[in-house]
Amino acid sequence: MSLRTEPYRILVVDDSPFIHKAVQKALVPAGYEICGTGRNGKEAVAAYGDLKPDLLIMDITMPIMDGITAAREITIEFPEAVIMLLSAMGDEEIRGQAQESGVKSFATKPFTNQELVVEVQKLLCPRS
Amino acid sequence: MKNYLESFAKATSGMLSQIGAEGSETGEYSIPEDIFCKHEVIVIIGLTQALRGSIVFSMAPGTVMNIASTMMGGMTIVELDDMARSAMCEFVNMCVGVCLTSFQDLEVDITPPTMVMGEKMILMLGLDKVLLTHIATPWGDLELRLGMEQ
Amino acid sequence: MSSEYLSQFSTSCVEVMGKMMGLACEWQEVVPRLPTITEGMTVVTLIGLTGSTRGRIMMEMELRVAQELAEMMNGESLKAMDPMVFYSLTELSNIFSGKAVTQLNNRPEKPGLRLTPPNIFVGEKIQIFTEKAALSTAQIRWNNSFLYIHLCIERG
Numbered sequence: 001m002s003l004r005t006e007p008y009r010i011l012v013v014d015d016s017p018f019i020h021k022a023v024q025k026a027l028v029p030a031g032y033e034i035c036g037t038g039r040n041g042k043e044a045v046a047a048y049g050d051l052k053p054d055l056l057i058m059d060i061t062m063p064i065m066d067g068i069t070a071a072r073e074i075t076i077e078f079p080e081a082v083i084m085l086l087s088a089m090g091d092e093e094i095r096g097q098a099q100e101s102g103v104k105s106f107a108t109k110p111f112t113n114q115e116l117v118v119e120v121q122k123l124l125c126p127r128s
Numbered sequence: 001m002k003n004y005l006e007s008f009a010k011a012t013s014g015m016l017s018q019i020g021a022e023g024s025e026t027g028e029y030s031i032p033e034d035i036f037c038k039h040e041v042i043v044i045i046g047l048t049q050a051l052r053g054s055i056v057f058s059m060a061p062g063t064v065m066n067i068a069s070t071m072m073g074g075m076t077i078v079e080l081d082d083m084a085r086s087a088m089c090e091f092v093n094m095c096v097g098v099c100l101t102s103f104q105d106l107e108v109d110i111t112p113p114t115m116v117m118g119e120k121m122i123l124m125l126g127l128d129k130v131l132l133t134h135i136a137t138p139w140g141d142l143e144l145r146l147g148m149e150q
Numbered sequence: 001m002s003s004e005y006l007s008q009f010s011t012s013c014v015e016v017m018g019k020m021m022g023l024a025c026e027w028q029e030v031v032p033r034l035p036t037i038t039e040g041m042t043v044v045t046l047i048g049l050t051g052s053t054r055g056r057i058m059m060e061m062e063l064r065v066a067q068e069l070a071e072m073m074n075g076e077s078l079k080a081m082d083p084m085v086f087y088s089l090t091e092l093s094n095i096f097s098g099k100a101v102t103q104l105n106n107r108p109e110k111p112g113l114r115l116t117p118p119n120i121f122v123g124e125k126i127q128i129f130t131e132k133a134a135l136s137t138a139q140i141r142w143n144n145s146f147l148y149i150h151l152c153i154e155r156g
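These protein sequence lines are chains A, B and C, in that order.
Be aware that the first sequence starts at 1, since it is given in this note's numbering, and climbs by one per residue.
Be aware that the second sequence starts at 1, since it is given in this note's numbering, and climbs by one per residue.
Be aware that the third sequence starts at 1, since it is given in this note's numbering, and climbs by one per residue.
Fair warning: there could be bad hints in the mix.
[As the list claims (entries may be wrong)] Derived Cβ-Cβ restraints for the label pairs, each shown as a range:
1) A:D50 to C:E26: 45 to 55 angstroms
2) C:G22 to B:V78: 50 to 60 angstroms
3) B:E6 to A:D50: 30 to 40 angstroms
4) C:G22 to A:R9: 29 to 39 angstroms
5) B:G27 to A:T112: 46 to 56 angstroms
6) B:D81 to A:D50: 53 to 63 angstroms
To be clear, the hints were calculated from the coordinates, so they are not data collected in a lab.
All C-beta atoms in this analysis are idealised placements derived from N, C-alpha and C, irrespective of residue type, glycine included.
Build out the structure end to end from the sequences listed, making use of the hints.
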């Protein structure tokens, strides 16, 4: 069994520059690499195709294309895509839509660094 | 997005004509160069559902008083009192309402108008896509700023 | 309803500030402050509320407090007018409002509340006027600092 030596690559898409920074601060010290960032769903779809990250962390409410629509488009083309949706809104309707879009995880803001790291580990290293 | 701002500007010009301010001219459409607001009065209406964002009207206090005065049948207004503020908010509400009526097949919800007054104001609509235009009225400049998620 | 909503937004704000910044905050309802003129440079975030209830949620604080909160959120020093201060406050208002609206939307009556994107105003002598709205204000306090949450719910 070969051990992975390269860090897992994560694409972060959110219209808030603060969230880009917060996710980076949480995950880079934990050994993950932020391979790209985006500000809306359209950029998420384009960047996913280019970068093929191990994980996409994406906001739901974004300009031009929202996260749920972007997640649907990405999972159609890349069924193996691992996507975590983040949102400040977590009511039942939104959670339902998120589930239907094919994402693997839904997290609500705010998150502590530790919470985010644990959730990412669960998605990327389910057996660890 | 320019289409939407054009519609708001057209509705505003139409409303200005209706209340007696003929000869308003809408300027060019551009991305704001900075976040500083050159006027002291802002009226903001939030948009949700099919169009999500904010439409912001800004103007000098004198322009508010003139518009309010005309809306109240020529009553003399010497300060930005409750009546003047109320009239201005109603004016903006009507402009936005008329505009939204023209967006057929688009379900848009709006918030009530909020008026903010201040000095040395900075305004950030919290959105990447922001467009602005000016309407030159006989009573002063009206700046319209539209920030939208598409 | 206004009191109930204010309680939800204030509680959410306290919880979010606790989680994001490790601040032990308390809130209490105070006499509605709008349209009091603010002193010094003031930061106001404004989020619109639509659905079965229409209105606005605002956070008001001195620029010094805004800077302090942003520095805690980012874990680094920031100049008072650094754009990251405003990005951070935008996100703070988005998060606590979203949390509050989530709780309200999950109630049996399902009010279907939605939020507009946040706006930020910074300026001196700011006065905020709301039309035909029921006003309520909460003060959120921690250490020697405080901010206000104003809730303006349209009267039906």
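A quick look at each hint next to the structure:
1. Checking the proposed 45 to 55 angstroms range against A:D50 and C:E26 shows it holds: the Cβ atoms sit about 48 angstroms from each other.
2. The supplied range of 50 to 60 angstroms is met by C:G22 and B:V78, whose beta-carbon atoms lie about 51 angstroms from each other.
3. Against the hinted window of 30 to 40 angstroms, the Cβ-Cβ separation of B:E6 and A:D50 comes to about 35 angstroms, which satisfies the hint.
4. Judged by the Cβ atoms, the range 29 to 39 angstroms given for C:G22 and A:R9 holds: they are separated by roughly 30 angstroms.
5. Distance hint check for B:G27 and A:T112: the Cβ-Cβ separation is about 48 angstroms, which falls inside the suggested range of 46 to 56 angstroms.
6. The hinted range of 53 to 63 angstroms is satisfied by B:D81 and A:D50, whose Cβ atoms lie roughly 58 angstroms apart.
Taken one by one, the earlier hints all hold for this structure without exception.
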